[in-house]
Amino acid sequence: MNPPSSRRLFWSFALLAVVSLGIYVTFAAVHYTWNWASIWGYRSQFIWGWFTTLGISLGAMVVSIIVGFALMIGRRSSCMPLHLLSTGIVEVLRGSPLLVQLLLGYYIVATALHVGDPMIVGTVLLGCFEGAYLAEIFRGAVESISASQREAARAVGFDSAQTYRFVIIPQAVRRALPGTTGQMVSLIKDSSLLSVIGIEELVQKVRIMNSSSYTALEGYLPLAVAYLVVTIPLSWYARKLERRFAYET
Amino acid sequence: MKLETREVTKRYGDFLALDGASFQTNNDSRVVALLGPSGGGKSTLLRVLGGLLLPESGEVVVNDQPLPNEPGEALKNLRRNGFVFQGYNLFPHLSALQNIVLPLAAVHDFSDSVAHERAMELLKRLGLEEHFHKRPAELSGGQQQRAAIARALAPRPDLLLLDEPTSALDPVMTGEVLDVIRELAEGGQQIVLATHEISFARKVADWIVFLVKGRVEESCAAEQFFEQPTSALAREYLAGLSRYR
Chain A
1157 MNPPSSRRLF WSFALLAVVS LGIYVTFAAV HYTWNWASIW GYRSQFIWGW FTTLGISLGA
1217 MVVSIIVGFA LMIGRRSSCM PLHLLSTGIV EVLRGSPLLV QLLLGYYIVA TALHVGDPMI
1277 VGTVLLGCFE GAYLAEIFRG AVESISASQR EAARAVGFDS AQTYRFVIIP QAVRRALPGT
1337 TGQMVSLIKD SSLLSVIGIE ELVQKVRIMN SSSYTALEGY LPLAVAYLVV TIPLSWYARK
1397 LERRFAYET
Chain B
176 MKLETREVTK RYGDFLALDG ASFQTNNDSR VVALLGPSGG GKSTLLRVLG GLLLPESGEV
236 VVNDQPLPNE PGEALKNLRR NGFVFQGYNL FPHLSALQNI VLPLAAVHDF SDSVAHERAM
296 ELLKRLGLEE HFHKRPAELS GGQQQRAAIA RALAPRPDLL LLDEPTSALD PVMTGEVLDV
356 IRELAEGGQQ IVLATHEISF ARKVADWIVF LVKGRVEESC AAEQFFEQPT SALAREYLAG
416 LSRYR
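Chains A and B supply the protein sequences, listed in that same order. In terms of the working numbering, the first sequence opens at residue 1157 and continues consecutively. In terms of the working numbering, the second sequence opens at residue 176 and continues consecutively.
The following block holds chain A by itself, in its conformation from the complex (with noise of 0.2 Å):
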């Protein structure tokens, strides 16, 4: 093992322990009583909340990706009707909280189009809040690639299409991919607000299970646990993309 990573793992180590011993420090000055073994007879229930978490944050990842690449190419857009729609469309959706939109899209929007499946309507409604923030990502992407790679793109004969598919696109997701996995961290702990058009999904979970089990906590602290076991990784593979793709300098 080389230098660096060997005294990176020390440092890891050591704040681990540092901060283990500050978390249980904490934790026996309120002299909590856990009762791990009654919750622990709920477990199938924190499974099937974790999968559908999970199931939900993959299909809304996928609408969001779709809603922000389809909103950054309308604000984009010289056609000023398709401008100003997708810019009104990111501005509602960024400034207003979650909770009211999924509130009316499922209980007014869904029900007047007749869509009665919580589960879709949740992950689309979550897919195009997220989506908003993505346009955005992304439309600072593709604006910093500057204007000599347009000029260059046009000086060799590609058309607008080819121009996006093949240069601004490639070196756009690049600059893109640190802004999207933070987003997408946060849409998989924003999927926890689901709950409120009656997705049982795992934060509801766990609440139906601390009351079943009359405890007040002990599900948090594996909630916890779920959650990043999926965003740390998340969050370690954009970074090795990132490398991969770290072409400049």
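These aren't lab readings, by the way, just hints derived from the structure by calculation. Honestly, I wouldn't trust all of these hints.
Unchecked claim - Among the chain A residues that face chain B by a calculated CB cut under 8 Å, a handful are:
| no. | residue |
| --- | --- |
| 1 | A1308 |
| 2 | R1310 |
| 3 | A1311 |
| 4 | G1313 |
| 5 | D1315 |
| 6 | T1319 |
| 7 | F1322 |
What the hints assert, rightly or not - Short, incomplete list of chain B residues facing chain A, as computed with Cβ under 7 Å:
| no. | residue |
| --- | --- |
| 8 | L227 |
| 9 | R254 |
| 10 | H268 |
| 11 | P278 |
| 12 | A280 |
| 13 | V282 |
| 14 | F285 |
As the list claims (entries may be wrong) - Label-pair distances were calculated between CB atoms; the ranges are:
| no. | chain 1 | residue 1 | chain 2 | residue 2 | range |
| --- | --- | --- | --- | --- | --- |
| 15 | B | G362 | A | P1389 | 53 to 59 Å |
| 16 | B | E248 | A | R1164 | 56 to 62 Å |
| 17 | B | E248 | A | R1306 | 16 to 22 Å |
| 18 | A | R1400 | B | S374 | 44 to 50 Å |
| 19 | B | R331 | A | P1389 | 46 to 52 Å |
Ideal Cβ positions, reconstructed from N, Cα and C, are used throughout, including at glycine.
Use these hints to put chain B onto chain A, whose structure you have.
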């Protein structure tokens, strides 16, 4: 080749880059050099001649054919030319080889194997054979500029347009690139070159267009321009440039 512009204007916002520029070369100019002080309109005129920029008004005529203004036709016309810029402008996410192959395959309908063969042939000719797999950031400035020239030459362009191709290079690399351009000119390639390298222009160019503040001050055979320039501005420019070389 014969190049001609008639009262061409081009603005960037409030800045008038070309202000009614008109000139005409003779019928058999092979290397046309655009000279003049910075901000005089050389780069803009080069882009207009190559069809990369459409002028707001006026007419551009290449070999007695007026350049089209309709976007589809303009793109078709543009695809017959090759461009090299001051800042190399290779695509940074692609290797030197891919930079050449991609336009050949996507724009000029070369099959992958033919595009590959053509790209390697040019890389070899420009001394970049061993570097074909490298991305632009791994190449020196001179190598990047030679790769950019290879990319521009690959589809066998009618016109090769070079916009100050050595301005960002140190003297050694400048020499490398100028050697390549001279070889191309001697090999019969039709070239339009915007440059500050006055002694190089003197060696390779057969026609000079001298621009100041977006207007053509002088357009004449190279020999005449360097021996007996008619405009006072051209005389001043030449004297200024030759003071230290």
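Going through the hints against the structure:
1. A least Cβ separation of about 4 Å between A1308 (chain A) and chain B falls short of the 8 Å threshold, and the interface hint therefore holds.
2. For the restraint placing R1310 (chain A) at the interface with chain B, the shortest Cβ-Cβ distance is roughly 6 Å, inside the 8 Å limit, so the hint holds.
3. The restraint placing A1311 (chain A) at the interface with chain B holds, with a minimum CB-CB distance near 4 Å, inside the 8 Å limit.
4. Annotation: interface hint on G1313 (chain A) holds; nearest CB of chain B at approximately 4 Å, less than 8 Å.
5. Residue-level restraint check for D1315 (chain A) holds (minimum Cβ-Cβ distance to chain B is 6 Å; threshold 8 Å).
6. Taking 8 Å as the C-beta cut-off, the interface hint given for T1319 (chain A) is violated, the closest approach to chain B being about 10 Å.
7. Taking 8 Å as the C-beta cut-off, the interface hint given for F1322 (chain A) holds, the closest approach to chain B being about 6 Å.
8. A distance limit of 7 Å between C-beta atoms decides the matter here; for L227 (chain B) the minimum to chain A is near 6 Å, and the interface restraint holds.
9. Among the interface hints, the one on R254 (chain B) holds; its C-beta lies about 4 Å from the nearest C-beta in chain A, closer than the 7 Å criterion.
10. A cut of 7 Å between beta carbons decides the hint on H268 (chain B): the least distance to chain A is about 5 Å, and the hint holds.
11. Hint status for P278 (chain B): holds, given a least beta-carbon distance of 4 Å to chain A, under 7 Å.
12. Of the supplied interface hints, the one on A280 (chain B) is violated, with its beta-carbon coming no nearer than about 10 Å to a beta-carbon of chain A, more than 7 Å.
13. Interface hint status for V282 (chain B): upheld, as the beta-carbon distance to the closest one in chain A is roughly 4 Å, under 7 Å.
14. This hint is violated: F285 (chain B) has a C-beta 12 Å from the nearest C-beta of chain A, more than the 7 Å allowed.
15. At about 57 Å, the beta-carbon gap between G362 (chain B) and P1389 (chain A) stays in the expected band of 53 to 59 Å.
16. A beta carbon spacing of about 60 Å between E248 (chain B) and R1164 (chain A) agrees with the range 56 to 62 Å that was offered as a hint.
17. The supplied range of 16 to 22 Å is met by E248 (chain B) and R1306 (chain A), whose beta-carbon atoms lie about 21 Å from each other.
18. Between R1400 (chain A) and S374 (chain B) the Cβ separation comes to about 46 Å, which falls inside the hinted range of 44 to 50 Å.
19. A hinted range of 46 to 52 Å holds for the C-beta pair R331 (chain B) and P1389 (chain A), which are about 51 Å apart.
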